[in-house]
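S.K.: Input sequences plus hints: build the corresponding full structure.
Quick mapping for you: the protein sequence lines, in order, are chains A and B. Numbering-wise, this note's numbering puts 352 at position 352 of the first sequence, and it's gapless, one number per residue. Numbering-wise, this note's numbering puts 356 at position 356 of the second sequence, and it's gapless, one number per residue.
Treat the hints with care, since some could be wrong.
Pairs involving identical chains hold if they fit within one copy or between any two copies, as the list cannot separate such chains.
[Unchecked claim] List of simulated lysine-lysine pairs, PhoX-like, C-alpha gap at most 20 Å: (1) K32 - K329; (2) K98 - K224; (3) K84 - K242; (4) K4 - K49; (5) K130 - K164.
FYI, nobody ran anything at the bench for these hints, they're computed from the structure.
There are 2 protein chains.
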Amino acid sequence: MENKLNEIEDVLLMGPGPSCVPESVYAALSRKTLGHMDPLFIEIMDEVKKLLLVVMQTQNRMTIPISGTGSAGMETCFVNLVEKDDPVLILINGVFGKRMQDVASRLGARVDALEFEWGTPVLLDRVEEKLKSSHYRILAVVHAETSTGVKNPVEEIGRMLQGKDTFYLVDAVTSLGGIRVATDEWGVDALYSGSQKCLSCPPGLSPVSFSNRALEAVLGRKTKVPNWYLDLSLLTQYWGGKSRVYHHTAPINMIYALYQSLLLIVEEGFENVCRRHQDCHRRLVQGLEALGLAMLVSPDHRLPMLNSLFIPEGADDAGVRRRLRNEYKIEIGAGLGPLAGKIWRIGLMGHTARPENVDRVLGALKEILGR
Amino acid sequence: MENKLNEIEDVLLMGPGPSCVPESVYAALSRKTLGHMDPLFIEIMDEVKKLLLVVMQTQNRMTIPISGTGSAGMETCFVNLVEKDDPVLILINGVFGKRMQDVASRLGARVDALEFEWGTPVLLDRVEEKLKSSHYRILAVVHAETSTGVKNPVEEIGRMLQGKDTFYLVDAVTSLGGIRVATDEWGVDALYSGSQKCLSCPPGLSPVSFSNRALEAVLGRKTKVPNWYLDLSLLTQYWGGKSRVYHHTAPINMIYALYQSLLLIVEEGFENVCRRHQDCHRRLVQGLEALGLAMLVSPDHRLPMLNSLFIPEGADDAGVRRRLRNEYKIEIGAGLGPLAGKIWRIGLMGHTARPENVDRVLGALKEILGR
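M.R.: Next up, the structure:
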């Protein structure tokens, strides 16, 4: 029979994720499958937890990869913390803030939203005002809005919540492994990420971390978590403690790959990884501006790993992306929601963030746009 | 840094899953990652759907792999079909029936359970009696109880439900790809499986199939599905139709692996695959009986892919399994729940179901038990 896998080419992944995967991570992925209760696999689980603590800058014992993609991590954070009618404040300035609103509403939370223009950051004074007038059980925000390229002031919001009993829930899907994510220092209670962004592992896992007070709240819920698969009180028994209790069969090979990708980050050194992202970002912005292209986000609020530029007048959005993919073997991202047809998104995530990749996409855009 | 992955050995996986993975599936797993909206990846998604239709014996257009392990498939079937206070009947004769009860209860269903002794099948007359006295929105049963090795009479129960408006929900995690699963012919409305059993792909995906009437019920719900990640009405827009709408980032490489594993089954021919499972099962039972070991399940109700045998008197449960793993590089499964310490479970799933593997485990048991 025809096998479509034989048609797979090496595409330079410069979209909003997945990012390019290092050879050693592919090699890890295809190591022999072990049983999910195998003693060696349990040692590997423990190593993954330890490496996540380093990368997430936390001591939270409830720090594990969830067996699903980033959105499963979002679901995990909300479904464990929300009980019916809990007041939740969500700060929205892109697709992923909107998604949080949908996820929390489905779970029966009373959701308040503060919306900000897409392409601009969350404004602290509006948040402060809101927190003065109402009490929330959860405040949720996206650190790196992948749909726009905006970095939100997660550290500053954390300071506002100090001493309050509000749980602080942060989406670090695109930020983790590319810029600093200081879970404990910022007072984050529930954080989730994805394997396929700056961690440069294929998609399929979502690392999460819960503070001890958040975990206590989960263990002390009035009602059972309405999601057996993502119930942290069950997951802790498989991922922690001396006698591991079978919950579900972990995605063994994906966990090998995550382990290897975390090792690579720790070996390179987190400072170096961040600098590499920042340097590539500067190189890209300079190059784009030299081509007369304009960035969506103002310099102070730009993410290094997700660069949104306005589609220049006269350029064919889908046509340019199609030529990049077919002729140059480069993937970049389209705009979403109100930014569809208006911006392109160039990812510089993890292993993709290399000067030679920046030069390659700049060269291709120069040729295609005739600039 | 020390890399634990270097310690991974080639273990013969004869437990309750994961099963052994063919070389071509490992190779598929480590193909270059494509974007989740890449045209070639979308073609691969379409091929996976087509192959699932063949293996599941269905024409259901809603037939896709869920981005999570088998338990996420269970969650998907219940969370999409159950609305608060819906009456649900669950037939229980092992761990996975029990799990269904927990999953459905958490979602607010009014759950009735019929329990049967572990190691024996669901009794049809008790089901029939129950269906006469009460009306259910959903009847759920496990086809192949992995915790005991019992095959439940899924076809016969399907016949009882003919003409009724009860949705028929079947767990085919361990049966799919090893024995016949005739989704349409048996009148199944919601079926889920797992990648790591008889499909011989690593764990991480759960193929599901929904009948058209079940899908209509999902699309016509009174309330939104309380789980954004697993909401079929959103998943259909990414997996089906002409214009694919981004939902979550699919586990790209795992889907390559599932594609390859399904291709292998279709290429071998399903009849041949079933015969291979049956032949290996017979060879194993004969060998075990020749060693004086007794099977838990009576011959008529045994699964070929999961063989439960009583631990012989005087044998050290954990000690024997540890020696098998460490000295012979063979994994077999322990008993669960009331069968813990009483049985061992030997899996003959997918690629594991080869006569040479049967002979290897028989030889090892003979030596260790001194028989």
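S.K.: State the violated hints by number, sorted upward, taking the hints as numbered earlier in the document.
M.R.: Structure breaks hint 3 only.
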